[in-house]
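Each protein sequence line maps, in turn, to chains G and R.
In this text, residue positions in the first sequence follow the numbering used here: the first is 1, and each later residue adds one.
In this text, residue positions in the second sequence follow the numbering used here: the first is 1001, and each later residue adds one.
Any given hint could be a false lead.
[To be verified] Think about it this way: if two alpha-carbon atoms lie no more than 27 angstroms apart in a straight line, the pair counts; the simulated DSS-like pairs of lysine-lysine are:
| hint | chain 1 | residue 1 | chain 2 | residue 2 |
| --- | --- | --- | --- | --- |
| 1 | R | LYS1185 | G | LYS228 |
| 2 | R | LYS1185 | R | LYS1229 |
| 3 | G | LYS14 | R | LYS1298 |
| 4 | G | LYS234 | R | LYS1321 |
| 5 | R | LYS1226 | R | LYS1322 |
| 6 | G | LYS234 | R | LYS1322 |
It is worth saying that the hints were derived from the structure and are not from the lab.
Take a look at the letters that make up each chain.
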Amino acid sequence: MDPQLKPIVLKEIKEVFKRNDYLFNTIINIIPFLALAVITVMATTGSAQKLIMEFSFIAIPSLAMLLVSFPFIREKFSDEKLVRKFEGILTTPTSLKTVWAGKMVSIFLLSYPSVIIVNIILLVIWNISGLNPIYILPLPIWIMALIIAPLIPMIYNGFSSWSILRFTHPKLIEILLYFTVAIGVLTYITSGSITKHVTSGQIVTWPILIYSLIGIIISASLVLLLIKKLDKEKITI
Amino acid sequence: MNAKDLQCGVGNTVISITPTGDIKLCPMADPNDFPIANIFNDDLYKILSKYPILRIKDPKPELCGDCEHVNFCGNCVVRGLKKYHEMGNKCSWGKNINLPSVLEGQEIVVEVVLTLENIHKFYGDFEALKGISFEIKEGQIFGYLGPNGSGKTTTIKLLLGLIRPSSGNVYILGEDPYPDNIEAKNVRQHIGSMLEFNSLYENLTGLENIAFWANLYGINGQTALKKAKNVIEMVKLSEWGNTSVSKYSYGMNKRLVLARALVSDPDILILDEPTAGVDPESRYIIRNMMKKLAKQGKTIFFSSHDLEEVQKVCTHVALLKKGKLISEGVLNEIITEFGNSRTFVLLESPTDARYVAKKIQNITYDLKNRRTFDLILFRR
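Please model the entire structure based on the sequences and the hints provided.
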């Protein structure tokens, strides 16, 4: 491991905590998803309940994490590129890859707690409604909910950070990425995939988990390759 | 009088005298940047002396800036001893030179720490640097002087390995600083820098900013904190060490960035306009710091558009204009080149200046907008 990685991660985290708005940002971004979770629990009954429970544990914490991490991507990549902070740090004996990795690790560490918080709150809500997800949901769901699904927003953040660093107008790229995600989500919803899963009776099985893991590894490799190929002159010119 | 073309140090015609006696200023000597009217020889001296509003400085040679024992003229001071030997112990002014015996025959070897070889840099179709070449040796304070947009920051980015040249080579301690490989990282370990944009982290305190920088140079724990405290004291910011950088003034930011550049105790300092826009106190502190560091044997490369600044601090100077190197060398040599043996013209009266402006073409606009009309750039 690059010796500069740890100080960069610690600095990035310290910067966020010093600002005092981290907790506020996390809560504000989690609230809509908690409201969605409550509505979901209240609105469903019978056989659909397990499927909805599965779906809420997989999708809601990850979406919360994505939303919590958005400001960090903007501040640590887009804003820092605009005010030329990358130039300063790249004059030191560190590499662009290390700086990028440090920022990404810090964003993960700062946004992953939202996954834990939302999962805990979901557990409480479902328990109040009379169902205990710990007993109902199988192991692949928990692996998906706690490990695989939170990596999806990180992959998105990886592509997002690369495109911000690579292209000339980071703010424009940010907006384009928001739209890309929005279109992607809408396409998924309207594609009938959800209905298909509902009719099958289970969203996450072991094969789906393995395919998801392979997909994550391929995507992460692509992000790492793009970052490796990134010319620092694109940032410092 | 016959037409004459007089050459400046890099071979450009600085002043032309037409057959009718009109004086033309070289386009390279743009008065907005280097408002110089050089006098190269006695003929021109006599012509310009006739103008009552021109005060001519003594064009006679002075003591060499490098060696007080040698009475060099402006032309033979170039490169000191080497030039002395080439001149066959005779100054071009015809005087014999008494070289101190302790220096005679000795070859002084100084390590070249920074080299730029025929650097061209394009931003799209725009050529920011046009064939820049120079070397900086160990222990030099090298001033890189030029107006805004002349390519100073581009050169500094090249030296720091932030961008790469379109053609040509950059070497720091013999290595290309651009790649992200071990060699380049090792080179960057020896460099402290101060860029145009301070790139400080506003939410952290001054000490935290510097300690983080120390960490990046491999200095960790209490050692990093101790070093951070030391350098912050050097720039007179001890009382502000635990204050968030967002509360710092611009001048304090600059001082903090200088402290940050020093925390790794680098051998080479590369500073981009370190005193630009700062308050007098900060300017004084930064300038004194640079002098102190130079005495410690550090090599300092700094850019500026302030000639006075460069004169007060530097031992060596390069003049840059529109991406082209106009002149480069020892400060005293440059002063001699543009100053003593080639006398500057000082215009004292705005009214009279208009009259001169008719004679010295291309500078009318400049003269109209100046209050003091001081055309002397280099002063001792």
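Evaluated hints:
Among the hinted pairs, LYS1185 (chain R) with LYS228 (chain G) is consistent with the structure: their alpha-carbon atoms are about 16 angstroms apart, no more than 27 angstroms. Our distance criterion of 27 angstroms between C-alpha atoms is met by LYS1185 (chain R) and LYS1229 (chain R), whose separation comes to about 25 angstroms. With a C-alpha separation of about 33 angstroms, the suggested pair LYS14 (chain G) and LYS1298 (chain R) falls outside the 27 angstroms cut-off, and the hint is violated. Simply put, LYS234 (chain G) and LYS1321 (chain R) have alpha-carbon atoms about 26 angstroms apart, close enough for the 27 angstroms limit, and the pair holds.
Proposed proximity of LYS1226 (chain R) and LYS1322 (chain R) is contradicted: the alpha carbons are some 44 angstroms apart, above 27 angstroms. Using a Cα cut-off of 27 angstroms, the hinted pair LYS234 (chain G) and LYS1322 (chain R) holds, with the two alpha carbons roughly 24 angstroms apart.
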